[in-house]
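Chains as they are written, first to last, in our numbering: chain A, 1 to 333; chain B, 1 to 333.
Since the hints were made in silico from the structure, they are not lab data. Wrong hints could be hidden among the right ones.
Identical copies carry no separate label here, and so any pair may be met within one copy or between two of them.
[Unchecked claim] In silico DSS-like links for lysine-lysine, alpha-carbon gap of 30 Å or less:
1. 287 with 12
2. 208 with 314
3. 13 with 102
4. 12 with 253
5. 102 with 318
6. 270 with 314
7. 45 with 286
8. 13 with 286
9. 287 with 314
10. 270 with 208
11. 270 with 253
One letter stands for each residue in the lines below.
There are 2 protein chains.
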Amino acid sequence: MNDLNVVAETIKKCQRPLIGGHVMPDGDSLGSVLALGLGLRLLGKQVTMASSDPVPELYSFLPGIQEMLVGEVNPGDYDLLIVVDCSVPERLGAALLPFYEKGLTTVVLDHHVNDQPFGHVNYVRSTAAATGEIIMDLLDVLGVTFNTDLAVNLYTAIVTDTGSFRYENTTSETHRRVARLLEYNIPVARLSNLIYSEQPLSQIQLLKEVLATLEVSESGQLATICLSRQTQLSIGAHDEHIEGMINYARNIKNVEVAIFFRELEGQRVKVSFRSKYFIDVNLLAKKFGGGGHVRASGCTVEGTLMEVKAMVVKEAEKLLGGVLNCGRYYHHP
Amino acid sequence: MNDLNVVAETIKKCQRPLIGGHVMPDGDSLGSVLALGLGLRLLGKQVTMASSDPVPELYSFLPGIQEMLVGEVNPGDYDLLIVVDCSVPERLGAALLPFYEKGLTTVVLDHHVNDQPFGHVNYVRSTAAATGEIIMDLLDVLGVTFNTDLAVNLYTAIVTDTGSFRYENTTSETHRRVARLLEYNIPVARLSNLIYSEQPLSQIQLLKEVLATLEVSESGQLATICLSRQTQLSIGAHDEHIEGMINYARNIKNVEVAIFFRELEGQRVKVSFRSKYFIDVNLLAKKFGGGGHVRASGCTVEGTLMEVKAMVVKEAEKLLGGVLNCGRYYHHP
Numbered sequence: 001m002n003d004l005n006v007v008a009e010t011i012k013k014c015q016r017p018l019i020g021g022h023v024m025p026d027g028d029s030l031g032s033v034l035a036l037g038l039g040l041r042l043l044g045k046q047v048t049m050a051s052s053d054p055v056p057e058l059y060s061f062l063p064g065i066q067e068m069l070v071g072e073v074n075p076g077d078y079d080l081l082i083v084v085d086c087s088v089p090e091r092l093g094a095a096l097l098p099f100y101e102k103g104l105t106t107v108v109l110d111h112h113v114n115d116q117p118f119g120h121v122n123y124v125r126s127t128a129a130a131t132g133e134i135i136m137d138l139l140d141v142l143g144v145t146f147n148t149d150l151a152v153n154l155y156t157a158i159v160t161d162t163g164s165f166r167y168e169n170t171t172s173e174t175h176r177r178v179a180r181l182l183e184y185n186i187p188v189a190r191l192s193n194l195i196y197s198e199q200p201l202s203q204i205q206l207l208k209e210v211l212a213t214l215e216v217s218e219s220g221q222l223a224t225i226c227l228s229r230q231t232q233l234s235i236g237a238h239d240e241h242i243e244g245m246i247n248y249a250r251n252i253k254n255v256e257v258a259i260f261f262r263e264l265e266g267q268r269v270k271v272s273f274r275s276k277y278f279i280d281v282n283l284l285a286k287k288f289g290g291g292g293h294v295r296a297s298g299c300t301v302e303g304t305l306m307e308v309k310a311m312v313v314k315e316a317e318k319l320l321g322g323v324l325n326c327g328r329y330y331h332h333p
Numbered sequence: 001m002n003d004l005n006v007v008a009e010t011i012k013k014c015q016r017p018l019i020g021g022h023v024m025p026d027g028d029s030l031g032s033v034l035a036l037g038l039g040l041r042l043l044g045k046q047v048t049m050a051s052s053d054p055v056p057e058l059y060s061f062l063p064g065i066q067e068m069l070v071g072e073v074n075p076g077d078y079d080l081l082i083v084v085d086c087s088v089p090e091r092l093g094a095a096l097l098p099f100y101e102k103g104l105t106t107v108v109l110d111h112h113v114n115d116q117p118f119g120h121v122n123y124v125r126s127t128a129a130a131t132g133e134i135i136m137d138l139l140d141v142l143g144v145t146f147n148t149d150l151a152v153n154l155y156t157a158i159v160t161d162t163g164s165f166r167y168e169n170t171t172s173e174t175h176r177r178v179a180r181l182l183e184y185n186i187p188v189a190r191l192s193n194l195i196y197s198e199q200p201l202s203q204i205q206l207l208k209e210v211l212a213t214l215e216v217s218e219s220g221q222l223a224t225i226c227l228s229r230q231t232q233l234s235i236g237a238h239d240e241h242i243e244g245m246i247n248y249a250r251n252i253k254n255v256e257v258a259i260f261f262r263e264l265e266g267q268r269v270k271v272s273f274r275s276k277y278f279i280d281v282n283l284l285a286k287k288f289g290g291g292g293h294v295r296a297s298g299c300t301v302e303g304t305l306m307e308v309k310a311m312v313v314k315e316a317e318k319l320l321g322g323v324l325n326c327g328r329y330y331h332h333p
């Protein structure tokens with residue numbers, strides 16, 4: 001039942017929709033909830049927008065965000081649950097899941113590959129770069145007139161999920177939709193600043209510490225960085241700021257594989273992998289009980305930072321050239 | 001005479017055009033030269049493409065770049081000079097300027113604000129995000145059939161001059177053109193890697209050193225970084241890698257003004273300014289005999305690193321709040 005018209009008919013019939021996205025909300029989830037919520041209000045619906053998890057401060061500029069319920073949703077009297085950017089019920093989180101479990105009619109709108117979406121009415125388009133693209137099309141089908149607030153939310157959804165139009169999911173259709181959104185006087189430079197140029201100072205301090213651990217293999221194709229638990233605690237950085245650090249290793253010239261070793265409690269190490277052009281790091285993560293995608297994967301391994309690093313680097317070098325140069329793996333001056 | 005048809009007529013009549021851009025070539029200059037050059041070849045012209053300055057290694061992936069003459073252009077027998085992305089003859093550089101000076105008919109295609117372009121036939125459109133947009137339109141007027149090689153060059157021109165579609169110059173028309181370019185099977189993710197994810201290791205080492213000098217004012221609105229001549233020489237970093245460092249200071253949360261102090265030979269300091277939302281750093285640079293734009297400017301000041309920093313920070317804080325907190329200006333833990 002992959003038809004936007006069916007979704008539109010279902011939505012037209014409702015009066016009091018509850019709209020939500022996934023836990024640990026990102027720009028696509030939030031922007032999609034808000035664009036759809038503000039859009040349905042223009043059609044006269046009594047809209048409630050909600051998130052089980054807190055909204056990252058980064059997204060406090062999104063039009064309508066101050067009206068989003070966070071962490072708790074009163075039972076209320078909803079006649080439809082609309083879920084965006086969420087492929088399994090569990091990712092609705094504690095505040096929204098009960099409504100689905102109690103049988104409230106549920107519409108799922110998503111761009112993740114998913115053969116069995118969990119809604120009563122579903123629309124999944126995995127070629128969409130962001131769920132925001134689907135919301136944009138749905139608003140058109142519903143006959144909603146666009147405005148700047150809608151456009152800013154949709155733009156944010158699309159720009160964040162495409163990494164500023166750099167990822168593989170970016171298509172002609174993505175740019176064509178954004179061309180249209182820009183006609184609603186979106187302040188592009190200001191939004192870019194708000195999204196990309198407001199990094200917490202702790203993130204920069206973390207970067208300084210992490211760069212001090214950078215090592216590049218003799219071949220230049222493998223780069224590693226490390227973060228001890230002690231350093232992390234002393235800086236007090238959030239997980240969302242830690243994750244991105246691996247890109248500094250990945251983005252070094254000639255590096256194909258980047259690995260980030262992050263010490264956890266109880267002699268465990270979280271290992272993240274990234275590759276640039278040809279190495280399947282999903283295979284690498286699988287060797288250590290993890291998984292993920294071809295260019296981004298991860299696993300958690302028991303042992304000290306040093307032990308885990310030695311083991312994982314050995315496997316990575318095998319994959320990178322068959323040549324075992326572990327003895328010559330050195331700290332670049 | 002700001003008519004693309006006039007340009008097209010002039011170009012149609014030529015047989016052996018010499019095409020060049022500006023010194024210190026960037027993505028827009030190189031991509032525009034190559035797209036136009038490859039396009040005119042498809043029309044049967046005997047095209048010579050040239051650059052007075054070396055091509056940054058970063059751009060070695062551009063289709064056709066290996067055919068570009070660098071640093072020296074034999075007198076040859078050219079019947080037209082086509083100059084892209086260049087607003088004054090001096091920026092043609094030593095290899096190309098003589099052709100203009102000797103009176104070779106010159107076409108100028110540019111997107112910089114310029115009331116008096118220097119060509120015999122000129123087309124200037126300052127609303128274009130990149131000269132690449134103008135070249136794209138010109139190729140259409142000339143009836144050139146697009147292909148992947150042309151599209152990659154035009155895409156690179158546009159994506160680099162808009163900072164990946166983040167700068168103020170990005171318009172609906174920009175995205176509309178890129179939507180069309182993507183139809184020629186551009187490998188977006190691969191190009192993004194080549195353009196943004198191949199940073200020399202020396203750049204990361206430089207970053208480590210420069211971050212160690214980061215200071216943020218008590219108000220959190222002013223951030224400074226420094227680079228001593230000794231550090232720069234010991235790392236051996238290129239100017240193009242040094243310039244970008246200021247963004248790490250600018251992109252800190254709540255920071256409005258970022259200043260980068262870079263020690264030069266002979267007791268002089270190069271000072272770069274960036275602002276985010278509201279401070280006019282052109283005014284700031286002018287106080288020290290420099291200049292630039294509202295959000296990006298610079299000057300060179302005589303004195304030691306410490307002296308110049310104290311002076312400039314004082315003026316910046318005046319501008320930022322009228323409150324002189326120099327005594328409380330401190331090194332953030």
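Enumerated hints in conflict with the structure, sorted upward: Hints 1, 4, 5, 7, 8 contradicted; others consistent.
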